[in-house]
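> Could you put together the complete structure from these sequences and hints?
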Amino acid sequence: MARIGRAGSRLGVRSLSMPLAVLLLAITQAAVAGNVDPAAEARAFRDYFFKKFPNVKADDFANGPYALNEDMRRQWEEKEQFPPYEFSLEAGKEMFAKPFANGKHYADCFPDQGIGIRQNYPQFDAASGKVVTLELALNECRTANGEKAISYTGEDMAALTAYMAFTSRGKPFDVKLPDDARAREAYENGKRYFYTRRGQLNFSCATCHVQNPGERLRAEVLAPALGILNAMPIYRSDWGGMGTISRRFITCNSQVRSVPLEPQSEEYRDLEYFLSYVSNGLPISGPGSRP
Amino acid sequence: MRRLSKTLLGIFWLLASVAGAERSAFAASSEADFKQAYAAADAAEKEAGRLRNRWLPTEAALANARKAAEKNDFDQAIAAAREAEVLAKASIFQATSEKDAWKNLEIRP
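Chains as they are written, first to last, in the working numbering: chain A, 1 to 291; chain B, 1001 to 1109.
These are computed hints drawn from the structure, not numbers from a lab.
Some hints could be false.
If you want a taste of the chain B side facing chain A, the calculated C-beta under 7 Å gives, among others [said to hold, decoys possible]: (1) Asn1053; (2) Arg1054; (3) Trp1055; (4) Leu1056; (5) Pro1057; (6) Glu1106.
Computed list of lysine-lysine pairs in DSSO-like fashion (alpha-carbon distance at most 27 Å, straight line) [to be verified]: (7) A:Lys104 / A:Lys148; (8) A:Lys148 / A:Lys130; (9) A:Lys79 / A:Lys93; (10) A:Lys130 / B:Lys1099; (11) B:Lys1035 / B:Lys1067; (12) B:Lys1046 / B:Lys1035; (13) A:Lys130 / B:Lys1103; (14) B:Lys1103 / A:Lys52; (15) B:Lys1046 / B:Lys1071; (16) B:Lys1067 / B:Lys1089; (17) A:Lys104 / A:Lys93; (18) A:Lys51 / A:Lys171; (19) A:Lys176 / B:Lys1103; (20) A:Lys51 / B:Lys1046; (21) A:Lys98 / A:Lys171.
The following label-pair restraints were derived from C-beta to C-beta distances [claimed, not checked]: (22) A:Asp174 / B:Ala1039: 46 to 54 Å; (23) A:Ser237 / B:Ala1043: 40 to 48 Å; (24) A:Asp47 / B:Glu1047: 47 to 55 Å; (25) A:Pro54 / B:Lys1099: 29 to 37 Å; (26) A:Ala58 / B:Lys1099: 33 to 41 Å; (27) B:Ala1060 / A:Glu78: 35 to 43 Å; (28) B:Ala1060 / A:Ser265: 20 to 28 Å; (29) B:Ala1043 / A:Lys176: 39 to 47 Å; (30) A:Pro54 / B:Ala1039: 53 to 61 Å; (31) B:Ala1060 / A:Arg182: 31 to 39 Å.
Even for Gly, the Cβ is constructed at its ideal location relative to N, Cα and C.
Okay, here's the thing in structure tokens:
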């Protein structure tokens, strides 16, 4: 942006009429935006965290704050002996196997019967032109089979996604950004949402998870943005239960005193797309637990 | 004596009437002021909603304004509505300025 401004002055934009100057700047900005390579951005995103935390192994970013705080890590490792998400995981497995009223299953809606595929979500759906998250795909599966959609923030959705994440544990995130202007736009929208300040506290997602990971916000140790979705869904002691990605986004918005958007709104789905894409290569570690 | 009593009673009635009229005129004026203040706050919050950037404290202030108005506490209702308007305008400013400012935080290659 600043570079474009200086170049404009050198080219004598000031001497042009204002509307023409504005038009030229807009065209230049659009051209520059079009040239940004999301793969290069993802590398830069990862490098930022690798440099910020040189002692943390790349894959360990999937463990969020536990990768950054030794005391918390020890507690977490002990807790993992009897993980608090275990009941939800079992419930999710049962729900996933239970047939719908029409006799079909969740497995019929997904490739590989829905096993070991969590790392491929969200996906860009060329037919609808929108980002499809795993939560959305599960509800689309339900409604396509005559069942009612379930709450995106509820225990059932958390349980189902916990089971599907568990079957993908260790598999690296592999979210595709197809050569489609609409997919690219969704990625850009998600990126913009991530960096945009909102709420009375004037925080962006990046304020906590890029500028201050490892720092404490009251009792909470802030997780790095890199790998932040790999452990989802999570059991949070603060919630006293399991929570989905939708619930996490809504809580984040509320914490900065912003009115949350509706679960699975376009902005949230695009945000999940962006965050997942930049974490490509890091292993799925969900379901997880957090303080 | 009786005339004096009647005169005093008349003066009292007159004063009471004037006071009552003033009170009702004040209440009517306050309610109108509240409606005006609330409409301004509500319009600003709708604009913040259009920008997908509503704030929780704005919603709380609007709710407080409505509750106070229901209790005919228009002073409190107007104060809450004005607070909501200020907050809503701040959220609009935030959304507008962030259209470009978000890039300052971006990690770039």
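> If a hint holds in the structure, say so; if it does not, say that too.
Hints, verified against the model:
| no. | hint | result |
| --- | --- | --- |
| 1 | Asn1053 | 6 Å, holds |
| 2 | Arg1054 | 4 Å, holds |
| 3 | Trp1055 | 5 Å, holds |
| 4 | Leu1056 | 5 Å, holds |
| 5 | Pro1057 | 5 Å, holds |
| 6 | Glu1106 | 5 Å, holds |
| 7 | A:Lys104 / A:Lys148 | 14 Å, holds |
| 8 | A:Lys148 / A:Lys130 | 21 Å, holds |
| 9 | A:Lys79 / A:Lys93 | 21 Å, holds |
| 10 | A:Lys130 / B:Lys1099 | 22 Å, holds |
| 11 | B:Lys1035 / B:Lys1067 | 13 Å, holds |
| 12 | B:Lys1046 / B:Lys1035 | 16 Å, holds |
| 13 | A:Lys130 / B:Lys1103 | 24 Å, holds |
| 14 | B:Lys1103 / A:Lys52 | 20 Å, holds |
| 15 | B:Lys1046 / B:Lys1071 | 25 Å, holds |
| 16 | B:Lys1067 / B:Lys1089 | 22 Å, holds |
| 17 | A:Lys104 / A:Lys93 | 16 Å, holds |
| 18 | A:Lys51 / A:Lys171 | 24 Å, holds |
| 19 | A:Lys176 / B:Lys1103 | 24 Å, holds |
| 20 | A:Lys51 / B:Lys1046 | 43 Å, violated |
| 21 | A:Lys98 / A:Lys171 | 25 Å, holds |
| 22 | A:Asp174 / B:Ala1039: 46 to 54 Å | 52 Å, holds |
| 23 | A:Ser237 / B:Ala1043: 40 to 48 Å | 42 Å, holds |
| 24 | A:Asp47 / B:Glu1047: 47 to 55 Å | 40 Å, violated |
| 25 | A:Pro54 / B:Lys1099: 29 to 37 Å | 35 Å, holds |
| 26 | A:Ala58 / B:Lys1099: 33 to 41 Å | 34 Å, holds |
| 27 | B:Ala1060 / A:Glu78: 35 to 43 Å | 41 Å, holds |
| 28 | B:Ala1060 / A:Ser265: 20 to 28 Å | 22 Å, holds |
| 29 | B:Ala1043 / A:Lys176: 39 to 47 Å | 43 Å, holds |
| 30 | A:Pro54 / B:Ala1039: 53 to 61 Å | 57 Å, holds |
| 31 | B:Ala1060 / A:Arg182: 31 to 39 Å | 38 Å, holds |
Comparing the model with each numbered hint stated earlier shows that hints 20, 24 do not hold.
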